[in-house]
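S.K.: Protein sequences, first through last, are from chains A and B. In case it helps, numbering that gives the first Met the number 0 puts the first sequence at residues 0 to 335. In case it helps, numbering that gives the first Met the number 0 puts the second sequence at residues 0 to 339.
It is worth saying that the hints were derived from the structure and are not from the lab. Warning: the hint list may mix true and false statements.
[Claimed, not checked] Below, computed lysine-lysine pairings styled on BS3-like, alpha-carbon distance capped at 25 Å:
hint, chain 1, residue 1, chain 2, residue 2
1, A, Lys206, B, Lys140
2, A, Lys154, A, Lys34
3, B, Lys5, A, Lys80
4, A, Lys198, B, Lys140
5, A, Lys193, A, Lys154
6, A, Lys204, B, Lys5
7, A, Lys34, A, Lys292
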Amino acid sequence: MKRSTFLTSLLAFALVTACDKKSDSSSAGNSSDGKKLTIALLPKSKGNQYFATVEKGARAAAAELGVELIYDGPTNTDPAKQNEIVEGWVNYGVNVIAAACENREGISGALKAAQEKGIKIVTYDSDTTPDARSFFVNQATAQGIGETLMDTAAKLCGEEGEFAIITATLTAANMTEWRKNIEARLAAKYPKMKLVTTKPCDDQKDKAQAEATNILNAYPNLKCIMAICSPAVPGAAEAVKQAGKAGVVKVLGLGLPSENRQYVKDGVTQAVILWKVEDLGYLTIQAAVAAAKGTLKTGDKTFTSGKLGAMEIQDTDIILGKPFVFTKENIDQFQF
Amino acid sequence: MNTFLKRLLARPEAILFFVLVAEIVFFSVAGRNFNTSDNVANIVRHSAEIGMLALVMMPIILTGGIDLSVGSLLGLCAVIFGVFTHEWKMAMPLAAALTLGVGAMAGGVNAALITVLRLPPLIVTLGTFSLFRGLAEAITKGTMTYRDFSPEFIALGRERWMGLPLQGWLFILIAIGIAVLVHRTTFGRAFRAIGFSPEGSRYAGLPVQRRIAFTYVLAGIVAALAAIVFTARLRQARADAGTGYELQAITAVVLGGTSIFGGVGTVGGTLLGIASVAVLTTGLKLIPAIALAGIGSELGSLLTGALLILALAGGTLAKSLAVRRSRRQSHAAPKPTITT
Chain A
0 MKRSTFLTSL
10 LAFALVTACD
20 KKSDSSSAGN
30 SSDGKKLTIA
40 LLPKSKGNQY
50 FATVEKGARA
60 AAAELGVELI
70 YDGPTNTDPA
80 KQNEIVEGWV
90 NYGVNVIAAA
100 CENREGISGA
110 LKAAQEKGIK
120 IVTYDSDTTP
130 DARSFFVNQA
140 TAQGIGETLM
150 DTAAKLCGEE
160 GEFAIITATL
170 TAANMTEWRK
180 NIEARLAAKY
190 PKMKLVTTKP
200 CDDQKDKAQA
210 EATNILNAYP
220 NLKCIMAICS
230 PAVPGAAEAV
240 KQAGKAGVVK
250 VLGLGLPSEN
260 RQYVKDGVTQ
270 AVILWKVEDL
280 GYLTIQAAVA
290 AAKGTLKTGD
300 KTFTSGKLGA
310 MEIQDTDIIL
320 GKPFVFTKEN
330 IDQFQF
Chain B
0 MNTFLKRLLA
10 RPEAILFFVL
20 VAEIVFFSVA
30 GRNFNTSDNV
40 ANIVRHSAEI
50 GMLALVMMPI
60 ILTGGIDLSV
70 GSLLGLCAVI
80 FGVFTHEWKM
90 AMPLAAALTL
100 GVGAMAGGVN
110 AALITVLRLP
120 PLIVTLGTFS
130 LFRGLAEAIT
140 KGTMTYRDFS
150 PEFIALGRER
160 WMGLPLQGWL
170 FILIAIGIAV
180 LVHRTTFGRA
190 FRAIGFSPEG
200 SRYAGLPVQR
210 RIAFTYVLAG
220 IVAALAAIVF
230 TARLRQARAD
240 AGTGYELQAI
250 TAVVLGGTSI
260 FGGVGTVGGT
270 LLGIASVAVL
280 TTGLKLIPAI
290 ALAGIGSELG
300 SLLTGALLIL
310 ALAGGTLAKS
320 LAVRRSRRQS
330 HAAPKPTITT
């Protein structure tokens with residue numbers, strides 16, 4: 000009796016393998032057979048408001064171009080789930096996979112396997128290894144972020160006076176790169192402004208608030224606090240508000256509009272800087288479809304993408320353009 | 000033939016077998032590229048590690064125990080394997096062997112607490128569930144990820160032999176080993192006896208505690224093996240590897256007809272449990288409407304849960320109906336001596 004169940008399970012397994020036929024891979028990478036293209040969009044995590052906004056832009060592009068869009072990803076950031084979803088899509092026979100990669104090296108194997116089946120790979124937001132994709136849709140370069148932050152700060156301060164920076168850690172690679180660009184812009188364009196201190200907050204809002212309070216006490220002539228990691232923006236704003244210096248000491252930083260909406264409306268925070276996340280989704284799908292149709296090729300210098308117009312391509316990076324400045328006037332138009 | 004069919008249908012696993020066949024037929028018709036060797040390979044790759052954990056969970060549950068720590072142990076072993084290969088620069092086979100040793104030791108910790116101190120398995124493994132994961136996070140400080148494994152090692156996660164992914168062969172070997180152990184050896188038959196009646200087993204002269212200890216050590220070793228397979232498949236070792244796998248393994252075992260109270264269950268049933276969950280979750284993602292809506296994973300867990308509850312409720316209902324019918328029959332028979 001026990002043997003019978005063991006055998007039946009083997010039988011079931013044999014049944015799956017027996018009706019094996021070759022994968023229908025002809026649909027992949029073939030856009031000229033009149034079938035609708037299917038584009039699969041992979042977020043780092045599905046529930047994140049940031050990626051939900053990416054999806055919104057992607058849906059708009061998909062509707063414009065008449066392609067089918069699959070949006071699926073792990074519920075929480077989970078590299079194992081990302082791989083499984085990609086492998087499932089390869090089987091399903093999508094034409095393009097556009098991925099925001101949680102694990103740069105880990106997902107490259109699955110993406111390369113997809114490429115071998117003729118599926119085009121585009122990455123966005125976070126790249127994989129360059130050999131595992133055709134293009135990376137880059138939401139912002141370090142130079143773009145650094146310059147926009149410095150220019151906005153200068154505008155808020157009337158191009159003169161003291162300002163301070165709050166960063167996540169003094170060693171984080173991306174933030175070091177941003178700071179370098181901020182300081183370069185400062186030296187080149189704003190001789191009357193002075194960076195008095197740079198403090199780390201370990202990516203914690205509470206610590207950012209404490210650091211900002213210390214800075215406010217130490218530098219009474221301070222005109223502006225620049226927060227370059229997202230928890231530090233509301234942290235610095237809270238410190239300025241509690242010190243009763245709202246509007247006197249300006250606050251700006253890199254973060255999500257949704258996390259800063261109230262401070263911006265109350266006039267504590269003057270500017271929140273980020274790329275237009277919806278446009279990132281839109282551009283990603285535009286690039287994905289163009290790559291599948293062959294109108295976007297390696298070596299191209301620009302890429303014309305629907306309503307966004309011509310986008311610069313650096314090597315294999317499609318650049319979304321300069322970051323966007325969210326202010327009291329426009330912040331209510333953005334939900335992420 | 001008629002009695003054979005009846006006997007087959009009377010087994011709880013029989014229903015599951017038909018569920019599995021129904022799934023396969025349904026997804027072959029409604030899904031895209033379901034009946035392809037690539038998809039079979041996908042199913043095997045995505046469920047090999049959980050399947051291995053389920054196979055060693057089965058003897059534990061059969062003895063009336065439970066092991067909640069296998070998923071965390073998978074994460075710990077993955078990290079330790081990464082330390083061996085990357086920081087101590089060990090050769091791959093040595094690192095793998097030592098990792099299996101670590102798995103055995105961790106299983107030994109569970110076994111000692113359960114059999115020497117006589118603490119309840121649920122509490123012990125709930126403790127080591129956090130302990131092992133915490134250790135893995137401490138070693139990596141929560142951020143470190145081991146990458147850049149050698150191509151030969153990564154091949155274990157990707158390559159196929161005779162059409163089946165390598166981890167599939169490993170799974171089959173373990174399945175045969177566990178099936179023989181549980182059903183064909185006197186050593187392994189003790190598991191069922193212990194689960195059925197621990198006291199009775201002791202009076203019958205079975206070394207109850209030693210047999211129970213063995214099941215937890217075995218689970219530790221196989222969890223370490225699953226960690227190595229997981230690392231090869233994802234090309235990285237991180238502290239969060241295998242999160243939630245223990246519950247998926249328990250689901251497969253219980254769905255496969257093993258009683259959570261011990262004493263009842265077959266390895267064949269566990270295999271059916273593993274297969275029906277794996278086919279269901281993979282197949283759903285290949286149905287165009289579900290794929291386009293991007294709800295494959297959510298629907299997968301929803302239907303797995305429904306399947307588990309239906310299978311358990313169905314089994315219990317069938318049993319109580321049978322009891323009632325037999326009671327009615329005995330009531331119908333003339334009973335002259337009823338006076339109360």
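S.K.: All hints, please: hold or fail.
M.R.: Verification of the hints:
1. Straight-line distance between C-alpha atoms of Lys206/A and Lys140/B comes to about 20 Å, which keeps the hinted pair within the 25 Å bound.
2. For the suggested pair Lys154/A and Lys34/A, the alpha carbons sit about 52 Å apart, so the restraint of at most 25 Å is broken.
3. A C-alpha spacing of about 42 Å is found between Lys5/B and Lys80/A, which places the hinted pair above 25 Å, so the restraint is violated.
4. Our distance criterion of 25 Å between C-alpha atoms is met by Lys198/A and Lys140/B, whose separation comes to about 23 Å.
5. Distance hint between Lys193/A and Lys154/A is fulfilled; the C-alpha atoms sit about 14 Å from each other, no more than 25 Å.
6. Proximity of Lys204/A to Lys5/B is assessed by CA-CA distance (about 66 Å); at most 25 Å being required, the pair is judged violated.
7. Between Lys34/A and Lys292/A, the direct Cα distance comes to roughly 12 Å. Compliance with the 25 Å bound is thereby established for this hinted pair.
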